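**Q** Single-letter residue listing:
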Amino acid sequence: MQQVRVDRGADAFISPGALLKEVELLASEGVRFTTMVCLDVDQEFEIIYLFQRLTLDMVRIRVRISKDEELPSISSILLDAVLMENEIKEFFGVRITNLAIDFQCRMLLSAKSPQTPLLKVRPQSQSLGGGE
Amino acid sequence: MGFLKRARVKSPWILHYCTGGCNGCDIEILACLTPLYDVERFGMLNIGNPKHADILLITGPVNWKNRDVLKRLYDQTPDPKVVVAVGVCAATGGVFHNCVNTLGGVDKVIPVDVYVRGCAARPEAIIDGVVLALQKLEQKNSGGVAYATGTR
Amino acid sequence: MARVTFPFGPQHPVLPEAIQLQLTCEDERVVEVLPVIGYMHRGIEKAAEANLFPNNIFLCERICGICSFIHALCYCELMEGMMDVEVPPRAKHLRVVWSELSRIHSHMLWLGLLADSFGFESLFMQCWRAREIILDTLEMTTGQRVIQSSCVIGGVRRDINEDQEPDVRRKMDAFRKEINAIYPVFAKDYTVKSRTVGKGILPKEQAWSLGTVGPTLRGSGWDYDARTLGYAVYDDLGFEPIVEDGCDSYARMMVRLHEVVQSLELVIQALDRMPKGDLAVTVKTFPEGEGLIRVEQPRGELVEYARGNGTAYLERLKIRTPTFSNIPALLVMLPGCELADVPVITMSIDPCIACTER
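Protein chains in written order, with the numbering used here: chain A, 4 to 135; chain B, 37 to 188; chain C, 2 to 359.
These are calculated hints, taken from the structure and not from any lab test. Since the model is a prediction, treat every value here as computed from it, not as a measurement.
Here are some, though not all, of the chain A residues that point toward chain B, as calculated from beta-carbon distances under 7 angstroms: (1) 113; (2) 116; (3) 117; (4) 120.
Listed next, with one range per pair, are the computed distances between beta-carbon atoms: (5) 53(C) with 72(B): 31 to 39 angstroms; (6) 80(A) with 111(B): 44 to 52 angstroms; (7) 166(C) with 83(B): 40 to 48 angstroms; (8) 141(C) with 28(A): 50 to 58 angstroms.
Even for Gly, the Cβ is constructed at its ideal location relative to N, Cα and C.
Let's have the full structure, built from the sequences with the hints guiding it.
**A** If you want it as structure tokens, here you go:
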């Protein structure tokens with residue numbers, strides 16, 4: 004039977020600085036990119052990277068960044084991550100740098116659509132009225 | 037009845053465009069063209085060029101990016117023309133009523149003449165709608181109705 | 002040589018849905034491709050947070066009308082997994098029957114559209130005529146042709162009773178006759194072969210590293226099918242993925258053609274083994290924690306992630322659809338091909354734009 008429930012304790016939490024090195028290591032083992040999930044947790048983003056091994060098991064890496072922090076793109080190592088990174092940049096406003104193809108937040112949304120629709124709590128630097 | 041008017045009513049050409057629905061209606065429109073339902077027996081033909089079309093079959097709730105494309109397609113279609121909104125989401129937004137990127141219905145952008153119900157609309161309902169559109173086309177042809185009502 | 006950029010779409014007769022490919026050509030040869038998506042984006046992931054979690058089934062079904070049952074199945078299995086609900090065995094078998102029927106109808110639809118993309122109009126009509134048998138079966142057993150809405154959290158809403166079962170089997174026999182007639186045309190016909198063999202090559206290594214899934218991956222020699230992970234009752238049915246080594250459009254077409262025949266057998270097997278019993282259990286809890294599931298759609302692996310907080314609303318629902326990860330493969334397949342082959346190669350990944358953009 005397929006495992007559905009995710010065990011948070013089994014996942015590796017990584018700092019954004021160590022992300023590229025870890026992904027490079029995984030890529031050299033033949034791991035491929037599956038998807039990314041971005042979660043809006045108060046003043047932080049939790050980003051889950053999901054990879055697939057040749058044995059078809061999943062590998063999960065979690066990164067936590069504050070909302071104003073920059074996150075390096077992994078698209079230089081695994082090209083197919085580029086669409087998902089663009090999507091997260093567009094939906095949440097995560098600052099992803101060095102994208103292989105940058106759609107400039109116009110991949111799915113247009114100029115008139117509501118911007119960053121999935122963002123629940125605005126980062127403090129952008130909040131209207133200058134905080135509470 | 038002149039030759040052109042007769043040709044328009046007896047052999048209307050259809051332009052199909054999907055504005056962001058679930059494509060359940062789109063495959064049902066295609067199913068209309070295939071042997072079981074065979075809408076071609078009414079002389080209808082599915083074409084790709086809006087400048088040749090008489091009837092616009094529009095599906096989906098219209099999203100912000102699609103809006104301008106839809107407007108352009110409508111403007112490029114020569115008069116007289118009839119717009120058929122296929123499916124619930126093309127009429128009101130349907131199940132996508134609370135989706136952020138949708139406008140909620142084709143009639144928010146262009147005037148609609150016929151609404152076809154159903155999610156997904158059945159081929160029989162689509163054929164019914166198109167036959168109704170033919171009557172409207174005939175009226176417009178003879179100058180009975182110059183423009184569709186209900187423009188928003 | 003001067004370079005010309007063509008827009009292919011968003012409104013194009015070969016594409017039932019809106020996507021644009023910006024093709025940069027030198028003469029007749031494509032040198033660069035840029036997919037422009039977003040014409041079908043609705044924002045389902047956001048709406049899923051605003052809806053009650055059982056109502057999301059109907060929203061998930063309408064991500065894509067072609068594989069709607071499997072979207073609902075995926076969401077239901079995910080919620081059941083997160084809430085530890087045990088689905089009755091009869092419901093599991095019914096889910097297999099309906100998901101395999103929708104796989105057949107999706108593949109037949111695609112085979113028809115492929116024939117249409119290289120101008121084989123009569124083959125297109127034949128495929129769609131055969132597909133109507135499957136749609137009739139779906140309508141007879143669930144009440145709707147394309148969007149079935151028969152899957153709920155905890156089981157299914159409809160049954161295939163003793164009166165209907167012989168009818169379903171009779172329809173499957175009728176369909177087998179049709180597919181036996183269509184099969185040799187796709188496999189051997191000169192026209193089909195000349196337009197598909199050697200077109201849109203996706204080498205085995207790149208198929209893996211670009212993240213392709215489903216028949217696109219299996220057409221390049223990888224035996225990965227999410228049904229082997231054993232959701233519903235696939236692990237009891239003795240299921241084996243279908244693999245072709247051609248790496249071209251022809252191989253991908255043959256994978257889907259064989260899958261139609263295989264799905265037909267799976268439907269019959271599931272009907273044979275179907276136990277008697279309840280259709281659904283009542284669910285009284287709310288989803289909590291995190292869940293992740295992989296399910297095989299006609300187009301490939303569908304990944305869903307959900308996070309609940311013990312209330313009736315989900316905190317996050319992430320849906321990674323198969324076409325989303327198949328699109329990067331177009332960047333490898335299209336450059337170097339002729340302009341006339343673009344529709345065939347684009348069709349060969351079975352693009353479902355409504356899925357991709359949600």
